[in-house]
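Residue numbers (the working numbering), protein chains in the order written: chain A, 20 to 190; chain B, 25 to 479.
Calculated directly from the structure, the hints in this document are not laboratory data. Small disclaimer: the values here were computed from a predicted structure and weren't measured. By construction, the Cβ of each residue, glycine as well, lies at the ideal position given by its N, Cα and C atoms. Hints are supplied without guarantee of correctness; some may be wrong.
Okay, the calculated beta carbon distance ranges per label pair [claimed, not checked]:
id, chain 1, residue 1, chain 2, residue 2, range
1, B, SER178, A, ASP40, 45 to 53 Å
2, B, TRP413, A, ILE86, 18 to 26 Å
3, A, LEU182, B, PRO330, 13 to 21 Å
4, A, LYS181, B, SER26, 16 to 24 Å
5, A, THR175, B, ASP292, 23 to 31 Å
6, B, PRO37, A, ALA37, 48 to 56 Å
7, B, ILE214, A, SER72, 31 to 39 Å
8, A, ALA37, B, PHE83, 47 to 55 Å
9, B, GLN459, A, THR175, 34 to 42 Å
10, B, ASN300, A, ALA79, 23 to 31 Å
11, B, GLY257, A, SER72, 53 to 61 Å
Computed cross-link-like contacts, PhoX-like style, restricted to lysine-lysine with a CA-CA straight-line distance of at most 20 Å [to be verified]:
id, chain 1, residue 1, chain 2, residue 2
12, B, LYS56, B, LYS173
13, A, LYS50, A, LYS101
14, B, LYS208, B, LYS72
15, B, LYS28, B, LYS48
16, B, LYS208, A, LYS52
17, A, LYS52, A, LYS131
18, A, LYS50, B, LYS208
19, A, LYS105, A, LYS123
20, A, LYS43, B, LYS48
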Amino acid sequence: MLKVEEQTPVTFSSELLAKFDDIKSRYPEGKQKSALLPLLHLVQAEFLWVPTSAMDQVAAYLNIQPIEVYEVATFYTMYFLKPQGKYALEVCRTGPCCLVGAEKILSHLETKLGVKEGEVTADGLFSFRGVECLAACGFGPVLQISPEYTFYENLTTDSVDKLIEDLTSKK
Amino acid sequence: MSRKLLLEHINVPGINTLEVYRQKGGYRAVEKALKTLTPEEIVEEVKKSGLRGRGGAGFPTGMKWSFLAKPEGVARYLVCNADESEPGTFKDRYLMTYIPHALIEGMIVSSFALGAHVSYIYVRGEMMPQIRILERAIAEAKAAGWLGKNILGSGYDLELYVQPGGGAYICGEETALLESLEGKRGNPRIKPPFPAIAGLYGCPTVVNNVESIAAVVPIINDGGDEYAKIGIGRSTGTKLISASGNLVKPGVYEIELGLPVEEFIYSDEYCGGIANGKRLKATVAGGSSVPVLPANLTLKYANGEPRLMSYESLSEGGFATGTMMGSGGFIAFDEDQCIVRNTWNFARFYHHESCGQCSPCREGTGWMEKILHKIEHGHGTMDDVDLLWDVQRKIEGNTICPLGDAAAWPVASAIRHFRDEFEWHIKEPVKSQQQNYGLANYATPIEKAPVTEEK
């Protein structure tokens with residue numbers, strides 16, 4: 020069942036639609052559905068999550084059924100189906116990162132931000148979650164911050180504190 | 025110093041730009057290929073090189089290329105697999121970050137060899153910075169005439185696009201990748217037909233790993249025979265190894281295949297030994313999917329001979345006493361690491377990443393995760409170890425794609441080599457929550473097998 024918040028109506032700007040057109044032109048005639056994953060990334064970069072109304076509009080744009088968009092958006096882990104913090108922190112929690120302290124970073128974030136995994140801080144700035152391997156095992160522990168997906172490597176509790184402070188002062 | 029083919033210029037400032045890359049001899053392979061070679065000759069050079077797929081399966085690249093169907097009037101595609109997600113593997117990210125043009129040059133030569141006029145680089149979605157780097161590099165190459173219409177006046181046209189994934193390990197499997205590139209869920213397809221016959225949009229398609237495609241550049245520059253001189257036996261050329269875990273110097277290293285494992289771990293040219301002066305307990309030599317080995321079997325075969333970093337040597341002894349080269353993700357565990365906890369972590373990974381298509385994998389990975397969680401947290405019974413063995417046996421070989429095998433092997437090998445540690449968790453439910461099992465006898469030199477003299 021879709022919750023009310025997931026039905027937030029959104030409008031696509033003409034700039035966003037121009038980016039859509041550019042991506043759609045990369046595929047052969049009739050194969051425009053290939054643009055689906057990149058388009059959903061663009062939507063998420065714009066709204067910081069993927070509301071159902073946006074999925075419906077993407078479906079209309081690509082001339083496919085809404086269910087074809089929903090099944091993709093729910094299959095892939097990168098698409099946020101509910102609002103996140105402005106900075107969504109994703110910490111790798113897979114084997115090699117755990118050998119060098121990823122679990123400590125996750126519990127530190129929980130204390131530092133005062134929210135549980137998946138929740139958003141009261142000021143709307145931060146949310147965090149553990150994700151599977153980010154392909155940076157030699158530089159662990161690592162985290163990435165969407166929507167830019169900048170990487171932060173060789174984390175310590177101190178460097179995480181500093182990162183949170185920098186982002187807070189930047190707003 | 026061993027020979028470097030891919031990372032030779034990695035430390036040159038500005039090597040990520042076309043200008044510097046070109047100064048260092050970049051795009052010579054494109055000139056040579058488009059001006060002096062036919063597509064068939066390029067395929068022949070790659071065959072001669074003995075290059076084996078660097079993504080994990082190790083299938084000969086030239087042979088894969090030669091299977092590509094070429095029906096009249098049907099488009100053919102080359103898709104680069106940059107969906108690097110195997111825990112322990114981060115070489116492709118490294119290569120794309122620092123020398124993006126090496127991949128683009130390889131893509132141009134390979135696309136020409138296969139007769140593809142539109143090629144895609146499928147990059148895992150989390151690698152947005154690398155996607156931006158590649159798109160910038162492609163724009164540079166296109167502006168300079170290395171891509172687009174009539175490249176170098178040869179009459180050959182090529183468009184190259186970067187496609188982001190959505191965060192799914194399964195899309196590293198080539199048919200799941202193609203599904204994803206078509207805008208669908210990443211469910212692997214039943215083979216046959218293989219992508220070489222019916223791949224992207226039902227057209228003949230070759231899917232190659234980033235490192236395999238980058239390796240085509242030195243193969244064309246120096247010739248397949250020269251490339252085949254490097255390495256050992258059927259493991260030719262150089263290989264990027266991603267080293268992680270409890271090492272003094274984790275990172276990406278280019279090695280000549282055939283380097284002794286011991287030298288790789290302990291020499292200062294490579295990993296520099298185990299961090300914090302600790303001792304090695306175990307390794308996963310080729311990414312999380314391959315069997316875990318105790319230290320003694322990592323360094324030496326059961327008969328005492330040194331183990332080498334090559335496809336054949338790493339798998340020497342089969343799964344009883346060997347492992348696999350895989351994607352070259354080398355994870356080292358020091359004496360303080362818990363094998364049960366790590367196996368649980370990997371099982372959780374595979375449970376999370378199973379696409380859900382085949383029941384043995386969808387259900388089995390969940391069962392393995394739950395049983396391992398139970399043992400790790402001090403609630404296990406002796407039956408659980410046997411149940412775990414039983415579940416992994418029922419996954420292996422019973423799924424459409426190799427993710428099922430990849431989930432089963434780490435569990436099977438952990439029980440095979442570290443059963444004592446599992447049983448200790450069960451017999452000592454309180455103690456196992458406070459301390460680790462430690463090194464035990466995993467690092468002691470194994471006795472040499474009795475030698476029978478040949479008559």
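Against the structure, the hints:
1. Evaluation of the 45 to 53 Å hint for B/SER178 and A/ASP40 yields a failure: the beta carbon distance comes to about 31 Å.
2. Between B/TRP413 and A/ILE86 the C-beta distance comes to about 40 Å, which lies outside the given range of 18 to 26 Å.
3. Roughly 44 Å separates the CB atoms of A/LEU182 and B/PRO330, a value that falls outside the hinted 13 to 21 Å.
4. Between A/LYS181 and B/SER26 the Cβ separation comes to about 39 Å, which falls outside the hinted range of 16 to 24 Å.
5. The hint said 23 to 31 Å for the Cβ distance between A/THR175 and B/ASP292, and at roughly 25 Å that hint holds.
6. Range check, B/PRO37 to A/ALA37: Cβ separation about 35 Å, and the 48 to 56 Å hint is violated.
7. Between B/ILE214 and A/SER72 the Cβ separation comes to about 36 Å, which falls inside the hinted range of 31 to 39 Å.
8. For A/ALA37 and B/PHE83, the hinted distance range of 47 to 55 Å is not satisfied, since their beta carbons lie about 42 Å from each other.
9. In this structure, B/GLN459 and A/THR175 break the distance hint of 34 to 42 Å, their C-beta atoms being roughly 24 Å apart.
10. Between B/ASN300 and A/ALA79 the C-beta distance comes to about 58 Å, which lies outside the given range of 23 to 31 Å.
11. Between B/GLY257 and A/SER72 the beta carbon distance is about 59 Å. The supplied range of 53 to 61 Å therefore holds.
12. As the CA atoms of B/LYS56 and B/LYS173 are separated by approximately 18 Å, the hinted pair is consistent with the 20 Å bound.
13. For the suggested pair A/LYS50 and A/LYS101, the alpha carbons sit about 29 Å apart, so the restraint of at most 20 Å is broken.
14. Annotation: proposed proximity of B/LYS208 to B/LYS72 is violated, straight-line Cα distance about 37 Å (limit 20 Å).
15. Simply put, B/LYS28 and B/LYS48 have alpha-carbon atoms about 14 Å apart, close enough for the 20 Å limit, and the pair holds.
16. Restraint check: the Cα-Cα separation between B/LYS208 and A/LYS52 comes to about 8 Å, which is no more than 20 Å; the hinted pair holds.
17. For the given pair, A/LYS52 sits about 42 Å from A/LYS131 by alpha-carbon distance, which is inconsistent with the 20 Å threshold.
18. In summary, the hint linking A/LYS50 to B/LYS208 is supported, as the alpha carbons are separated by about 12 Å, within the 20 Å threshold.
19. Note on A/LYS105 and A/LYS123: the hinted pairing is violated, with a Cα-Cα distance of about 23 Å set against a maximum of 20 Å.
20. At most 20 Å may separate the alpha-carbon atoms for a hinted pair to count; A/LYS43 and B/LYS48 exceed this at roughly 36 Å.
Hint violations for this structure: numbers 1, 2, 3, 4, 6, 8, 9, 10, 13, 14, 17, 19, 20, all remaining hints satisfied.
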